[in-house]
Every structure is written in structure tokens, then in C-alpha cells.
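A.B. asks: Residue 61 is where the sequence shown starts when you use this note's numbering, and the numbers rise one by one after that.
Derived by calculation from the structure, the hints in this document are not laboratory data.
Any given hint could turn out to be false.
Below, a list of computed lysine-lysine pairs in the DSS-like style, where the Cα atoms sit at most 30 Å apart [to be verified]:
#1 K793 / K226
#2 K840 / K826
#3 K203 / K100
#4 K101 / K133
#5 K209 / K235
#6 K793 / K840
#7 K100 / K151
#8 K298 / K226
#9 K151 / K203
#10 K284 / K361
#11 K151 / K101
#12 K101 / K169
#13 K151 / K169
#14 K361 / K374
#15 K280 / K209
#16 K277 / K226
Source: prediction; values computed, not measured.
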Amino acid sequence: MAFKRDKKEEEDGGNPYQNLEKTSVLQEARTFNDTPVNPKKCTYILTKILYMINQGEQLGTAEATDTFFAMTKLFQSRDIILRRMVYLGIKELSGIAEDVIIVTSSLTKDMTGKEDTYRAAAIRALCSITDVSMLQTIERYMKQAIVDKNPGISSAALVSCLHLCKSASATDIVKRSLNEIQEALNSDNVMVQYHALGLLFHIRKTDRLAVTKLVAKLTKINMKSPFAVCMLIRMACKLLEEETIPRSESPLFEFVESCIRHKSETVVYEAAHAIVHLSGTGARHLAPAVSVLQLFCSSSKPTLRFAAVRTLNKVAIEHPSTVTACNLDLENLISDSNRSVATLAITTLLKTGAEGSVDRLMKQIATFVNEISDEFKIVVVQAITTLCSKFPRKHTILMNFLSGMLRDEGGLEYKASIADTLISIIEENPEAKEIGLAHLCEFIEDCEHTSLTVRILHLLGKEGPRTKQPSRYIRFIYNRVILEGAVVRAAAVGAMAKYAANCSMLHDSIAVLLKRCCLDVDDEVRDRATFYSQLLSCNNPQLITDYLSEPMHVSLPVLEKTCQDYILNPTKEHINLNELPVDTIVKNVGVSKEPTKKHTVDNIIKPVEPTAENVDGQKLPSLIGLDAGKLFCSSEPSMLTEPETEYVVRCIKHVFNQHLILQFEITNTLDDQILEDISVVLDISEGFQYIDEFKSPSIKYQETGNVYVFLKFPDDSVDTIASFTAKMKFIVKDCDPITGEVQDDGYQEDYRLEDVEITLKDQMLKVKVGNWETLWEEAKSVCYEVQETFALPLTEEGLSDTVSRIISFLGMAAANNSDNVNPSNKSSHIVNLAGMMRGNCKVLAQAKLALSENSVTIQLTVRSTDERIAELVVSTFD
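Generate coordinates for the entire structure from the input sequences, incorporating the hints supplied.
C.D. replies: In C-alpha cells form, the structure reads like this:
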């Protein structure tokens, strides 16, 4: 039977609280003072107040206080519904009103009374207004409530304690109820057990040993609450991520795997989801999880089908062969009534299916792609991106499909994902260039997103002049000058200028169009047009090459910081753009004189844009008063202590051409101690030269201080790979945890740290190269070459894991080739690498991998302009 609205309700608009005025509602709140209390009327007024607050209406402190005190008069009523509304009102107003503590006695009375209907809500309201000083007075009542026989009261007490733990002082008081929480953990009620486990984990989460013991204990018993088991799985996975032992030997992984056979579907899915998302899980361990997800695909419950196919979709990205066994079940889901399930099923099949099935799947998804949300359309686009790399011969069908999606309605993120895919196809597949550019030209005719239009115009300026008929794109670009806003017009002017620079037949025509743009009302457009017109009219090929054909791509963040520093502290020396790092690779084309091969090697290998640490590290020498030269790179922070220790120490290595600055970030986590005169003592290796140290004067509780140690690298680069023992020296002074007042003169303390490792990766910048194979051959005649053969044990993840370890260990970048990083052949593979060593020394490396029964044989060949650097790279594998 369907419910029907009354005619009067329809006439009133359906929502009686829609057009409330704060002033009139607060006037009505005076009704709370009437005697006797009218429960029905007061409930209605309280509902209005709560509705306003939840809709974002702001009450002033005075208004909230008046309303709160009027509301306390309603405690005299025994009406159950009104009393519950009062509890909700107390919780909402407790953060705004003053002197809310006045209702503590009333709430305590309800909390400890015999009326179970009131007790749970009273506990929640009381804990929302109780501060740390008052918490001890209700501690005994909270302990009783945690072990109460009524599951609603017990859960309310546990959840309230969890909210109280947001304060460090309150956490110490809650910890005194550990025995009661442990007892609640054995409850037969599923929610009580779940909330008890959540509170117990929150209390112990900073103590890894305590969490490990808790998980080890609970995995051996049969918990009745499926929600608690799901939480236990997540706790076990968090510990598994930190383990170094193989998955097959881990009891925690064995527990997670056993949960796949649990009687609760929620637990089964949680276990399968956890296994799939664990880092480093091999295909052998994925098989049971995938089998369970395959069963869920044929479930009668839409939620299970959706969860299963969404998880399989993610597995297919890294392990498509593992998901292939589910293809038949996924085929059946294509016609699912839930379009989200059908979309995920098709995109998963696109990642795992054969080339022959692409046409059929694309036709099927085209029938309902307009019915799904942008979120799932993006999933489709991502699947097509993978498909284009896998089956390049299918680019025509895929690009036509993407072009149709571009013309449909959608937001910026959705349209940008399609444009990204088309651009990646154009860059990877030369045969698809002209078709892709044509689709993008049609799109910008009606594109309403400025950022997307600018990006496509930049691509047209870059790729268009290299096509067979570059003139066909000029009309689309010039239309933007006539019809669009200033930002788009400026981008269009730049794109047209590139055609004039690279296509002599279009030079005169575009020169006329640029002169028209010189009259534009916008400064940016006018200045660009004037600059390009003058540049093209000068007939200087070198200038046109430097500023249009192959401009210098300076790293913008570094350039901006350099300019800001120069404005603040002007010097006689001007900014030299050649000394700034670049963010893209510039090839030597269009240069009048043919460069030597060594010159080609030096110019093609360019460093990747530095990270934020590099940019910040530029100022480091001047901040501490040292002259170390220009920063080469900065490492990622490495932990020298465990995260949960009393003093947390991280080390960042700032590498210069000849010098090394070690930055030690020290955090004090003890609230009753202050550290003073902090230094780090290093036992440096032979060859390194100690220059200076900069101590941290004082570090209070939860503060982070920095200690800097300034060293000089050894002259021989082979000696720069080293390990230093380290200890922190400081004076400890006890202090009051609340006021911070120092209570004694302190004493000297030494604190042992983990060794500081100086590795090859710390001194190497990743670089990108255009045509690696050509550069490798050219380097053969002008560079030094060193070759060695090694053997590494084979891990469960196979050859792909070995490739990742080599790339990470050397700190170099793999060549721009998807097969370079992801081995397609399981028995052998070749990895091509490029890097720049400290001192701007160029390095190329090639690792040939051959798979044997239990090991991987690696033949590493290194070519560099410096023989000792080549030897250093090879020697790091010894």
C-alpha cells in the first residue's frame, strides 16, 4: 500500500520546517517555561530549533544560552519523546551555550536511573558537556554502564568514551576502564563487541606491541560480531604492511585468508578486499580472494554484485591474468539492471579480454553509457586508456567512441579524462595523430572549459605543424581568437605562431593574422601577438628556433622562487636561465652547426623537475650561513627512530656538488620534558670531511627542531657510498605537563639513532630522454663503459618486483616505455635507465634480466662521461 499525502500538506509545500525564521522560533522557545509543560507543543518547537541548527543556521552565544536554560525546564516532563528531544538539544547547544554544566546532575540522575529508555541518550548527552575536570566524578557510572546488561546502554557508553578520547587527558581516565572494556569485548551483542574493539584499538593504537598482542589474541578466538571481525581484519592488514616476512609464513595473513570462509558475507568480502589491496601480494595469494569475488558476481543481492565487480575491476589493473577466470561471470553482468554494475563489468572485461572482443564490448557499452553518472563514465575512459596501450591497432574505433562521449554532457573532470586519453593516444601512436587532432578540433568549437581548451590549443601548436596538412587546423585555432575569452585567445596566438615557425608555406598568412591580433583589447594577447610578429619578421632562424620551435623549458617553480629572491635581495649578477633546472626534454633540432656526440649526450639528458624539498633546500645554505653552492637534490625523509618512541628523528639529505648537509628533524613527544642544546654526533666514514654543525637550542613538547651537520664529500666518488653511526646528545629538563614550567637544572643524555645511510640514490637525479636507444648507441663511442653480472633471489612477485627494485635502488628513471617497467615476457627482460649524478655527470644504464629457477641473473651495463661514476653505479650491486 502506498502512502499518500494529504491535500493540505501538498498545498503547504510538504515540509513544514522549510521557511523558518530564527527570531520567531526562539520567541516560541519561551513556551518551555510554561507550567504545566505541553509535551506535544514543546517537541514541535525543539524540532524546529534542531532543524535550523542542522541546516546551518548560526545561533549567537546569548541566544543559545537562553534557549538552553529554557530547555532545562523540560526535565520535569516524563514524556519519552520530549525527553529524547531534550537530550538531542543538549548535545547540539553544548558547544555554543555557556554554563551547560548546570544540567550535569539531571543527566547523571537519568543515566543511573531505572528507566532504560532514558539512560543511553543521557550518557551521550552527559559526555558531550563533561570536561576533563568533571569526568572523574562520573567515572564510576561510566564503568558500570560499559558492562551493563542492556546492549544499548553499553554501546552508548563505549562510543561516548571513544569521543572523549579526542582529549589526551581524558584518554588517561578512559584507560582506567580497560577491565570493563575487555569484559564488553566478550559480549554476545554484535554492536557492543564491535564498539568495544574499536575503543580498545583507539586506546592502544600508538603502541605497536600492544596492538600486535591484541590482534594475536583475538585471531585465535571466534568473535561473534561480523563487524568486529571486519575491524580485526583491517587491524591485521595494517600490521601486515609493516611486516617483512613472506606472506606464506605470516600468521596474520593466514587469519585474513581464513576469513574468506566465514559464514558472514560482510566478513568474506572484507577479507577478499583486504587481500586484493595488500601491497606485494602475489598472484598465488590473490587466487582465493578472486574466487570468492567471482561467486559474489552471481549473487542475487545487487550490493554484493557491485562490490565484487568493483574490486575485480581494480585487480585487473595489475593482475589481468588473475581475473581472466571470471570473464564468463562478468559477461553475464553486462545486461545487469544496475547500470553501475554493468559498466564496471564491461570495463573489467576490456582490461582482461582479447583484441577480438573489443568491438563487441564497445557496442554494448554504447547502449547505456548516457545513463550512467560521470564517476562511472570516467571508469570507462580509464579502461579505454589501458586498452589503447594494449591494442594500438584498435585506435580508430576507440577514438570514435571517445569523440562521441566528448560531445555528450558532462563536467570538467569527465571531459578532461577523455581529452587526456586522446592526447596519450596521439603521443604514443603516430598513426592516430591526425584522427585524434581532428576530434579535438571539433571539441574545442563547443568546449566551455577554458583550461581544457588552452591545453588542446597547446597540443595543436606542438603536433599540428608535423602533420601532412597543417593548414587544416589553422581555421579551428583562429576561430578561438574571434570567439573566445582572453586566456584562450592568448593560447591561440601562441599556437598559430608555431605553425608560422615550422611551416614556411604558412608563414606569410599567419603573419597577417598575428598583426590583426596586435590590436586586441587584452594586454596578454596583444603583447604575445606583437612579440611573435616581430620574431617572425626578423628572419633569424636561430632566434625563431630558441623562442618558438624549441623554447627553453625552465622549471617554473624554481624560476618563480629565483625571481622572488632576486627582488628581495638584488645582486650584481643577473639570473642565468641556463643554470636553472628544466622540466621537459629539449632535443637539439634546427641548430645550424652539427653538435658532437658528447654534446648531444649532455644536452638530451636533462633532470626531471625538482621536488618541493629541492626548491626549499635552495635557501638552506644561506639560512644557516654556509656557502655550499647550488643545491643538486634533496632526499625523501628517512626515519632514524620508530614513530612511537619518545623522540622522533627524521633525516633529510641535501646534496650539493661537493658538499652534503644532513638535516635532522627532531620531535619531542614527552609532555613532561624539555630538550636543550641538542646536537647529533656522527662517526663519519673515511674520506668525508666534517666542516660544521648547527645545534637546536630548545625543543618543547610536540615541537620539532632542526639540527644541521655540514660535510664535504670524498674526492673519489666510489667512497661516497657510506654509513654513519649516529647518536643524539642533549640536556633533559623536567617540566610541568600543564604549565610547561621547568622544574630542575636538567642532565646530559645520549640517545642512539639508526645509522645514516648515504646511498647512490641520494646523489642521483631521475632524467627523461626522448629516444633512449639512439642515445645509448651514440654514448658508446664517447662514454666510459663498465659491465658486471649479478644474481638476485627471486621474490614471490616475480620479475616485475626485481625490475622495480633495480629502478628504486639506482635512483634512475626508466625510459618512456610501458614495457620497460612492466615485463611482458616472464623469462627475460631489459630495463633501460637514465640519470644524472651529483656534479652533473650523465649516466645511462641497461639491465638485462634472465629468470632461472630461484634467482634472477642481471647483466648491468653502465655508460657515463666519468669512468669512476660508471664504476660506482656497478659497484653498488656488490
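A.B. asks: All hints are to be evaluated individually against the structure, with a verdict given for each.
C.D. replies: Outcome of the hint check:
1. In summary, the hint linking K793 to K226 is supported, as the alpha carbons are separated by about 28 Å, within the 30 Å threshold.
2. Proximity of K840 to K826 is assessed by CA-CA distance (about 21 Å); at most 30 Å being required, the pair is judged to hold.
3. For the given pair, K203 sits about 35 Å from K100 by alpha-carbon distance, which is inconsistent with the 30 Å threshold.
4. Between K101 and K133, the direct Cα distance comes to roughly 14 Å. Compliance with the 30 Å bound is thereby established for this hinted pair.
5. The hinted pair formed by K209 and K235 meets the criterion: a straight-line CA distance of about 21 Å does not exceed 30 Å.
6. Proposed proximity of K793 and K840 is contradicted: the alpha carbons are some 62 Å apart, above 30 Å.
7. Using a Cα cut-off of 30 Å, the hinted pair K100 and K151 holds, with the two alpha carbons roughly 21 Å apart.
8. Distance check on the hinted pair: K298 and K226 sit about 22 Å apart at the alpha-carbon level, within 30 Å; holds.
9. Using a Cα cut-off of 30 Å, the hinted pair K151 and K203 holds, with the two alpha carbons roughly 21 Å apart.
10. Only pairs whose Cα atoms come within 30 Å are accepted, and K284 paired with K361 is accepted, the gap being roughly 23 Å.
11. Taken as a hint, the K151 and K101 pair is honoured in the structure, with Cα atoms around 21 Å apart against an allowance of 30 Å.
12. With a CA separation close to 25 Å, the supplied pair K101 and K169 stays within the 30 Å bound.
13. Annotation: proposed proximity of K151 to K169 holds, straight-line Cα distance about 17 Å (limit 30 Å).
14. Using a Cα cut-off of 30 Å, the hinted pair K361 and K374 holds, with the two alpha carbons roughly 21 Å apart.
15. About 26 Å separates the Cα atoms of K280 and K209, which keeps this hinted pair within 30 Å; it holds.
16. Under the criterion of a C-alpha separation no larger than 30 Å, the hint pairing K277 with K226 is consistent with the structure, at around 26 Å.
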